[in-house]
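Guided by the hints, dock chain Y onto chain C, whose structure is given.
Chains as they are written, first to last, in our numbering: chain C, 892 to 1436; chain Y, 7 to 957.
Careful: at least some of the hints might be erroneous.
Stated by the list, open to error - Straight-line alpha carbon distances no greater than 25 Å define the calculated SDA-like cross-link-like pairs of lysine to any residue that follow: (1) C:Lys-985 - Y:Asn-550; (2) Y:Lys-715 - Y:Ser-337; (3) Y:Lys-897 - C:Asp-933; (4) C:Lys-936 - Y:Asp-435; (5) Y:Lys-29 - C:Ala-1142; (6) C:Lys-1117 - C:Leu-1140; (7) C:Lys-1017 - C:Gly-1396; (8) Y:Lys-444 - Y:Glu-535; (9) Y:Lys-945 - C:Gly-1002; (10) Y:Lys-153 - Y:Gln-367; (11) Y:Lys-945 - C:Ser-1346; (12) C:Lys-1110 - C:Ser-1346; (13) C:Lys-1298 - C:Ala-1056; (14) C:Lys-1343 - Y:Gln-367; (15) C:Lys-985 - Y:Asp-435; (16) C:Lys-1031 - C:Gly-1325; (17) Y:Lys-29 - Y:Asn-550; (18) Y:Lys-942 - C:Asp-941; (19) C:Lys-1409 - Y:Met-659; (20) Y:Lys-942 - C:Phe-911; (21) Y:Lys-444 - C:Val-1003.
Claimed, not checked - Per the computed footprint, the stretches of chain Y lying under chain C, defined by three or more beta-carbons under 8 Å from a beta-carbon of chain C, are: (22) 401–412; (23) 434–444.
None of these hints come from the bench; they were simulated from the model.
Glycine included, C-beta positions come from ideal geometry on N, C-alpha and C.
Letter by letter, the chains look like this.
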Amino acid sequence: MFWLLLFLPLQALGAVDKAFGVSSDLLSKYVPSKSNTWNCLDGSKQIPWDFVNDDFCDCPDGSDEPGTGACRNQSFYCQNVGHIGSFIPNSRVKDGLCEPNCCDGSDERPGVCRNTCEEVGLAYKKQIEAEMKLRKTGSKIRAKYIAFAHKEKKRLEDIIQTFAAEIAVRTKEVARIRDIAERAESLSASALELKQQSPLYTSLITHSNALKSLQREHKKHLQREKELSDVLDSLRTGYNPNYQDMAVLEAVRGWEELAGLPHINDVRKDSVSDEEAGLDEDWDSDGLEITEDVEDEMWTAEDLENDLDDLLNQDYISLLLEHDEYVQASSESSILFDVASYLPDSVIPKYEEFKETLVSWLVSLGVIKGEAPSSADTSRSRQALTNAENELNKVVKEKEDAENELKEIFNIHGYGMEGEWKKLDGTCLRTDVGDYTYEVCLFGEAKQIPIKSGSSFTLGKFASWNPSPDVKPGDEEYYKKQVYNRGHRCWNGPERNVVLLLSCGTENVLTSVVELEKCEYQFTGTTPALCLPLDDADIKSKDEL
Amino acid sequence: MRSGVIFGVLAALLAFPDALALKANDFKTCSKSGFCRRGRALSARAQEAQASWKSPYSLDPSSVSISPDEATVKASVKSSLYPDIKFGLELRIHDDGVVRVIMDEVDGLRKRYDEAAEWALVAEPKMSKTISWTAGKKDLRAVYGEKKNIQIVVSYDPLRVTLLRNGKEQIVLNGRGLLHMEHFRSKTVKETSEEVASDSSGEGQEVLQVENVRAWFEGESEDDWWEETFSSWTDSKPKGPESLSLDISFPNHGNVYGIPQHATNLSLPSTTGDDAPYSDPYRLYNADVFEYLASSSMSLYGSIPVMHAHSADSTVGVFNAVGSETWIDISYPTKKSTHTHWISESGIMDVFLLPGPTPEQIFTQYARLTGTTALPPHWSLGYHQCRWNYVSSDDVRTVQRRFDEEDMPVDVFWLDIEYAEDHKYFIWDSKTFPDPVKMTDDVAAIGRKMVVIVDPHLKRTDSYPIYKEASDMDILVKPKSGEGEYEGWCWSGSSSWIDHFNPASWDWWISKFKTNKIDTGFSWTQSTEDIHIWNDMNEPSIFNGPEITMPKDSIHYGGWEHRDVHNINGMLFHDNTAQAIRFRGDVPKRPFVLTRSFYAGSQRISAMWTGDNLGTWEHMAVGIKMVLANGIAGMTFAGADVGGFFGNPEPEMLIRWYQVGIFSPFFRAHAHIDTNDANLSCWRSPTKALENSVTGLPIVRPHYVMFPKDPVGFAIDDQFFIGSSGILVKPITEKEITETTVYLPDDQVYYDYFTHYAYRGSSQGNYVTVRAELHQIPVFIRGGSILPTRERPRRSSPLMKHDPFTLRVALSKSGTARGELYLDDGVTYSHQQGELVWREFVAEPSAKTTRISSKDLASANPSQTVDGVMLETYNPKNAFVKEIEEVRVEKVVVLGLSNKPKSVKVENGAELYWEYIPGVPASDKKEGTSSVLHIKDPKVIVTEDWAIVIS
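Bound-form chain C, shown alone (with noise of 0.2 Å):
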């Protein structure tokens, strides 16, 4: 140490332009050999020492030239004595103008820039205090987010209790009704198979089939108009209408015409655009509807939405057996083997126990002749089981989401190692922007809504948080930065997406949104969430300055 504060000075005088914007850690390469030649920092040449810094570049690497612009893509150091040293790439050297991170001038020609690394370095503290205080403030929120998440945490861990018991309790549930289905199955297989053979049954599993697949494609063409209409409402709001191009106008002519609404100009020329957007949410219940006189036996469309499910979903089945019976007419079944058919569902588990019970007693008492259960009674305790399956189901896939919601809150790729993100899964932070209002829900979607009126684009959808393969997934890094891809597609162009950089503050606001290329946003903004607590090390450099 000692010889190097001795050597130091020594070298200074002799050739100081040498080691002209060389940072600290790189000073001791810069030293000439005995033989007065110098390495290039690569190694792949040996140049004489006079050709360091000359404002020519002799060196592969560009490492001859530290402190000129001579080589390409090189960093200058500026020592900023009495702020903090900084790199900025040569081609920044003696260009004229004074860098702002170079504050001792050193990246001009002298006299060309003052040195204000005081009032700079005077300035950064005192950013850098507002910084900490910001975060100081923020991290308490932060703290909040976290105790939140745990507290979420332990509310799923009680759910997931709540739901495993149960779930015991229901399975052992399923498995008494199953016990009686199979056992009722079992009994009336082969009197089922033979009734199933009836023409009328395999008609009706026919007409079904049938019914289901016009269904299917039913879905699939309201789905395709509802997107064409989408496809078209848009052309019709965002065309130029001044725009000479018939083809355009003659399809928002037709469309308008075609969904009863009125003529785009009109609507603009009388700047009723409150109307409009009205017009806009209204127009896929009424102005799509053609009234059509429906004949009385006729579904309407409405019953077709509603109830068609309900009939597809029907037990083909008991409707044979039903059939049957209702064919047969038979007198011989007592009552009390059709009683299933009056009862409430809820309680024909119970009323099913009871009856095999009392019937079994019955039968051993000789009251009544006993007789394999109709095939009613298999098909309705099936109804039973099935039911008593959801159920559980169900229950299973609420719990399955409460433990996976439970593993996102301190994951590092959900809401973060403590869960301080938790707390905000889906919350909106919306900015306006001209126009537009843009709006990101976080984990949710980013859009951007016309303040006047118009259709919405959605922006992307939450994909990751950085995905920079240079950021450890769990640094602060990292959750600075959201991706929000897979939106609507740019005309002519890619999928809009956005990018969310996020720094500490005390709200969760969006401060700015620019559209960096076409169709690519970038969305800044702040929150609590990334408010670090300070520690030590934050402290001890804000002294330091």
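Below, chain Y without anything else, positioned relative to chain C:
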């Protein structure tokens, strides 16, 4: 332009490509245009009649009068069809041999439009003082030229004008008898009675017989004489038929070039005759063609009626000063001759015959007529970053920050129409651009500029001061009634257009751009001198007008119809804007105005781009040809949008397109890629712009201009030379190319710019195969060139001002080389006071040494002009020289030396440090990597005389 924004909502409609394609039905074909149809029918009748066809026009020998200075001759012309109608013919011979041929109707019912040349010409041409006309029995002749080998002959009957060189016909007017000037007449109701009569008998036939006297020439019917309907528009044609048909033949020239703007080959494909690639004539009618085709004779945004005809023997040119819609049929009766037929809707005949005989002389002759390109601001030669839309001033700042973070150079950021509130140009949208001056200052802090759009349509609302003032001053274009204001639709909705033909509009328009407050109304205080202007939509583009433009019967200043001035209209707008930018501050500064529409003369002060091209390989390729063709017609500061305006080019295409753009005089990209390679753009120096300003020669030059005697090069338009720098470029415009063939036209060595590999041309021309991977552009330095470059990357080009130069000395076969360097402050007009640096670098071999020297070209050429100003006042110690007195040459690279030098010294100085890599010498016949001598930092000063001696 920004149709893209408007149609953005069609994103999902990719299934309907037709919705995005050109609307061909929006534009007329010849058959839908009355006068073009009549012109073509006339040509067809002549074709059919063959030898029996004789032009009805003849000159009356008794009327010939020769002016006292003898350069001008006047005579009466008659048409045998209409013996009562008088025409006057006038020929003027300029002092450079250009012949101006004027014909007009005399004492007609009305006056034909005769002001087109006034707008196009830079000054009144000087008449020759050495000409003498001789009037003979059959013709009128004049012989002139240094060798007395040029002859102009006016034959009396039929009328025919012929320019000959060495007895060989160069240009012939009315050689095919298609000349027809439709005289003004009164509309009669005769024809209806005729039609009735012709169905009956007797007297009707008599009438028909009378008509038939002219039918052999004019046709049977009055085809669209008094009214013309296209789609839903009707042109009222109150003046009736007034078209001009003129055939111009080049009996000894087999290639014609020019008449931009068309998306087609440089050597113009034929439009009539066997196997003509196009069925319609080339049309000149400035039009906003949405998504134009990559190969078509359709008209586009600008029109320059200039044509070169070329052969290995000579080059001649024609400038037809007409401002109305014009159609030009081209056919090649033989491989060595060309027929053209020009059909214009209105105006006098005013044709300039440029005798050449070299392409260079044609450029000089044309430049003397319409002017050269003023030296543009240097930054405008840099890289322009544009995008369909920057949404806010924050957006601009963020993009600038990102460029700086990536250390990518950029000179200009552009703002399209969305900056303006309700498209009221000048008026910033305060929601998105709350601080335009601050924003501009932030951009300018890094030496950059902003270019902001100002379109010619004015929103018709009294709250818009520009419209209000123009309306109050009564300087707006009028509707056909001649009263009130013409109203049309454009971006701004209901709009009107300033009539820039009205002199009252000029000073007023100029005052609108003042950045300080003025007493007389609005001025653009929300701007700074770092804002320059983009004039778009100035054809003018009018959404609800016929062919997306102004109705032809609209009325301009002086009562002229829009039909008379349509093609000139766009030029007056950008010209006045450029004047405004030039004079808005205390010190005049060089304006940058980009225009979409242009006419002959537009080159003087503005740059153009090829409009809204598509992001396709075809458009990339045709863009090069279009820029070359514009250069032929003087419009040299030109470029095509890199990446295309429409479409989303794939990365490979974008990279290739950048490689094209870097070599265009105007370089603007809509997208951007990481091309942080100053190697590519460092040569974009003002030296080439100077050359144009001195000689009128285009910046990018096709083969026939550089090697006029080499027929192989006549049709080459996919490789070109940059100025006289010796740089040859063959951009790659196809997908997945790894190598290409380059034509080397002469017996000279061509060095690969990047690898220094020496290729050999030959006197018969030679094709060489070169590598062209995605990262490689085939760029060559021709042996014999010295190329000065600045190779230090900077954020913007003005920041390079004090950077040192590198000289690339590419030795010729005989060991010589030459290059020039021009520098000035790049912004003001101080160069017109001689504040400039103009150097010549020469490498000369002598016994066993090569001497590279620098000398002052400006001092050596006191009679030369720079930007129109003589160099007499040049002082080698001028203020600009002082300003850059420390700028040195940091490196000299010599390619093609025969042997390793023994010593390299600055003359009378110490030995320099140098490195020699052995290789193929220039004088060799072999291909291979050339020898390279790197001379380290000779420390010679650019502004001083010096010499480096290699022994």
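To see whether the hints hold, each was checked on the structure:
| no. | hint | verdict |
| --- | --- | --- |
| 1 | C:Lys-985 - Y:Asn-550 | violated, 55 Å |
| 2 | Y:Lys-715 - Y:Ser-337 | holds, 22 Å |
| 3 | Y:Lys-897 - C:Asp-933 | holds, 23 Å |
| 4 | C:Lys-936 - Y:Asp-435 | violated, 58 Å |
| 5 | Y:Lys-29 - C:Ala-1142 | holds, 15 Å |
| 6 | C:Lys-1117 - C:Leu-1140 | holds, 21 Å |
| 7 | C:Lys-1017 - C:Gly-1396 | holds, 17 Å |
| 8 | Y:Lys-444 - Y:Glu-535 | holds, 12 Å |
| 9 | Y:Lys-945 - C:Gly-1002 | holds, 23 Å |
| 10 | Y:Lys-153 - Y:Gln-367 | holds, 16 Å |
| 11 | Y:Lys-945 - C:Ser-1346 | violated, 65 Å |
| 12 | C:Lys-1110 - C:Ser-1346 | holds, 24 Å |
| 13 | C:Lys-1298 - C:Ala-1056 | holds, 20 Å |
| 14 | C:Lys-1343 - Y:Gln-367 | violated, 61 Å |
| 15 | C:Lys-985 - Y:Asp-435 | violated, 38 Å |
| 16 | C:Lys-1031 - C:Gly-1325 | violated, 35 Å |
| 17 | Y:Lys-29 - Y:Asn-550 | holds, 14 Å |
| 18 | Y:Lys-942 - C:Asp-941 | holds, 13 Å |
| 19 | C:Lys-1409 - Y:Met-659 | holds, 17 Å |
| 20 | Y:Lys-942 - C:Phe-911 | holds, 21 Å |
| 21 | Y:Lys-444 - C:Val-1003 | holds, 24 Å |
| 22 | 401–412 | holds (count 4) |
| 23 | 434–444 | holds (count 3) |
This entry does not satisfy hints 1, 4, 11, 14, 15 and 16, going by the numbered hints stated previously.
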